[in-house]
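4 protein chains.
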Amino acid sequence: MINAAKAESGEFYWPVRIYYEDTDAAGIVYHANYLNFMERARTEWLRHLGYEQDRLAASLGIVFVVRKITIDYIRPARFNDELTVISSVQRLGRASLEFAQNVVANSTVLSRARIKLGCIDSNTLRPRAMPVDIYSEIANAAG
Amino acid sequence: MINAAKAESGEFYWPVRIYYEDTDAAGIVYHANYLNFMERARTEWLRHLGYEQDRLAASLGIVFVVRKITIDYIRPARFNDELTVISSVQRLGRASLEFAQNVVANSTVLSRARIKLGCIDSNTLRPRAMPVDIYSEIANAAG
Amino acid sequence: MINAAKAESGEFYWPVRIYYEDTDAAGIVYHANYLNFMERARTEWLRHLGYEQDRLAASLGIVFVVRKITIDYIRPARFNDELTVISSVQRLGRASLEFAQNVVANSTVLSRARIKLGCIDSNTLRPRAMPVDIYSEIANAAG
Amino acid sequence: MINAAKAESGEFYWPVRIYYEDTDAAGIVYHANYLNFMERARTEWLRHLGYEQDRLAASLGIVFVVRKITIDYIRPARFNDELTVISSVQRLGRASLEFAQNVVANSTVLSRARIKLGCIDSNTLRPRAMPVDIYSEIANAAG
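The listed protein sequences derive, respectively, from chains A, B, C and D. To convert, take the position in the first sequence, counting from 1, and add 283; that gives the working numbering. To convert, take the position in the second sequence, counting from 1, and add 283; that gives the working numbering. To convert, take the position in the third sequence, counting from 1, and add 283; that gives the working numbering. To convert, take the position in the fourth sequence, counting from 1, and add 283; that gives the working numbering.
No lab work stands behind these hints, which were simulated from the structure alone. Fair warning: there could be bad hints in the mix.
Copies of the same chain look alike in the list, so a pair counts if it fits in one copy or across any two.
Mimicking SDA-like on lysine to any residue, the simulated pairs with C-alpha atoms at most 20 Å apart in a straight line are [unchecked claim]:
1) Lys351 with Ala341
2) Lys351 with Arg395
3) Lys399 with Thr353
4) Lys351 with Asp416
5) Lys399 with Arg358
6) Lys351 with Glu381
7) Lys351 with Arg330
8) Lys399 with Pro359
9) Lys399 with Tyr334
10) Lys351 with Asn385
11) Lys351 with Ala388
12) Lys351 with Ala383
13) Lys351 with Gly333
14) Lys399 with Asp355
15) Lys351 with Glu304
16) Lys351 with Leu375
17) Lys399 with Asn385
Computed from a predicted structure; not experimentally measured.
Same shape as in the complex, but just chain A (with noise of 0.2 Å):
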């Protein structure tokens, strides 16, 4: 199944399809909009592993912010293209997670990005460690 992460691998699979709101005028899908992929992939990876973030910013005070993305682009893609992002964590520090993700159609590689994201305080906006539980359980997917 598609939708499903790879134990053994560490990777986790995401589908997109790409709708008119995702295109632009040169006919392909607009650049930002793959971050925008990207990003509903980790949301549902998060959720794979038992979180959900609106509990986490409710319960706990933390949010998980983007820091820094390095994206290529490779090949474009169109409407009505079935893309699968495929997500890995690459690093894990205490306040801190980086993904390698990756934008394939049919095997072939569309885009390609690494991600840093930090963890912060949702009131202080500082970086705060994450919870032992959330890092452990993502230790132990990333493999």
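Based on these hints, arrange chains B, C and D on the given structure of chain A.
Here is chains B, C and D on its own, set in the frame of chain A:
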């Protein structure tokens, strides 16, 4: 000057330039994005009257929310087009406000909308009368 | 199964998950984004009937465009919510189509819309009758 | 005047106002939207040099596409903020172009990016050298 209110008519003009982000693979402006242009114009209209929505929320606890939209799409807009949103208040209630908003290019109407807003309490999310000074200012501007 | 048409009623159900990209600083789903959800649902409904819009454009030169929308915003949706778009055809003409589309969460209606589409020639941009097989398929699906 | 190029430095300033559409439920500008602001600024920079992208595509068959982005998110922006995108060309090749683009508010850098573009043939989608006059104009503007 185009981005100023025409006091005599109660109409407020706000320019919008079309960028790639606004278009879709059909080569035209994606239909939902006209609602963004209209929202920008209402924000600027309120600013023009002297009210900043972030301060209204922070100091008075009031927020304007969209209740109902009727919009006709008459002609398409394209990448690089320079449009103007022409806004005017059509009805004013103690806790509601109705706009006519047209998006035009070179005096051709591309899209024509009626947009009904409610004024709500940002905590309870229930309808709340606008402060008297805002109500009066809007009544005045609407001519 | 939720994302299937209910043949007996002519209603088509399509699920939508709310991500950060869909929300705004008021903490709720930004009003224009409901139009995206509805557009996705119409695309999936047409796909469910066996028609892919990219192929309709490429092989037959026809495109469906939005002519008119009336939408009521009844209750807000929030980050992480699971919504369903319920779509049904209300009127069918040779070159036009009108949908009722409701966005619901746990059987509460959040937003209710009527959306009128036109079928146009992708070159001339003028109204054009749908191919008979599509017309019949839609008439059939609409019950 | 802020939205003019500073000829001596090769920097181009473009203002961006933050509207509701740009924000998310965390109360800040959604990370992907900074790429929109930067794309608007590049479009305006090219227009400032005398080139309209729709005409470049229609008459010369060339399009600029994003190849690679590196972006650091340093501080958040919020609803109603007035930002400035400061753009400058860092490298210029026959069929490529690299920008530094910073998004600032009151001289504080919120986001800092490097954006590499390719010039392609709009039919073949293959790299194509820019016309000499555009290349010279950019080389000149870049100082």
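Structure-based check of each hint:
1. In this assembly of identical chains, the alpha carbons of Lys351 and Ala341 never lie at most 20 Å apart, being 25 Å within a copy and 31 Å across copies at closest.
2. For a Cα distance limit of 20 Å, the shortest separation of Lys351 from Arg395 qualifies both inside one copy, at 14 Å, and across copies, at 10 Å.
3. Proximity of Lys399 and Thr353 under a CA criterion of 20 Å is satisfied in both settings, with 9 Å inside one chain copy and 11 Å between copies.
4. With identical chains, the CA atoms of Lys351 and Asp416 are never at most 20 Å apart, being 25 Å at best within one copy and 36 Å at best between copies.
5. Within a single copy, Lys399 and Arg358 get their C-alpha atoms only as close as 23 Å, which misses the 20 Å cut-off; across copies the closest is 15 Å, which meets it.
6. With identical chains, the CA atoms of Lys351 and Glu381 are at most 20 Å apart both within one copy (9 Å) and between copies (18 Å).
7. Taking the shortest Cα distances, Lys351 and Arg330 never come within 20 Å of each other, neither inside one copy (22 Å) nor across copies (29 Å).
8. Taking the shortest alpha-carbon separations for Lys399 and Pro359, only the inter-copy value of 16 Å comes in at or below 20 Å, while the best intra-copy value is 24 Å.
9. Taking the shortest alpha-carbon separations for Lys399 and Tyr334, only the intra-copy value of 19 Å comes in at or below 20 Å, while the best inter-copy value is 36 Å.
10. In this assembly of identical chains, Lys351 and Asn385 lie within 20 Å of each other by CA distance both inside one copy and across copies; the values are 16 Å within and 14 Å between.
11. Within a single copy, Lys351 and Ala388 get their C-alpha atoms only as close as 25 Å, which misses the 20 Å cut-off; across copies the closest is 19 Å, which meets it.
12. For the homomeric pair Lys351 and Ala383, the shortest alpha-carbon distances inside one copy (12 Å) and between copies (15 Å) are both at most 20 Å.
13. In this assembly of identical chains, the alpha carbons of Lys351 and Gly333 never lie at most 20 Å apart, being 25 Å within a copy and 33 Å across copies at closest.
14. In this homomeric assembly, Lys399 and Asp355 come within 20 Å of each other (Cα to Cα) both inside a single copy, at 15 Å, and across copies, at 9 Å.
15. In this assembly of identical chains, the alpha carbons of Lys351 and Glu304 lie at most 20 Å apart only when taken from different copies (18 Å versus 25 Å within one copy).
16. Within a single copy, Lys351 and Leu375 get their C-alpha atoms as close as 15 Å, which meets the 20 Å cut-off; across copies the closest is 25 Å, which misses it.
17. In the homo-oligomer, the alpha carbons of Lys399 and Asn385 lie at most 20 Å apart both inside one protomer (14 Å) and across protomers (19 Å), since each shortest distance falls under that limit.
In summary, the numbered hints that this structure violates are 1, 4, 7 and 13.
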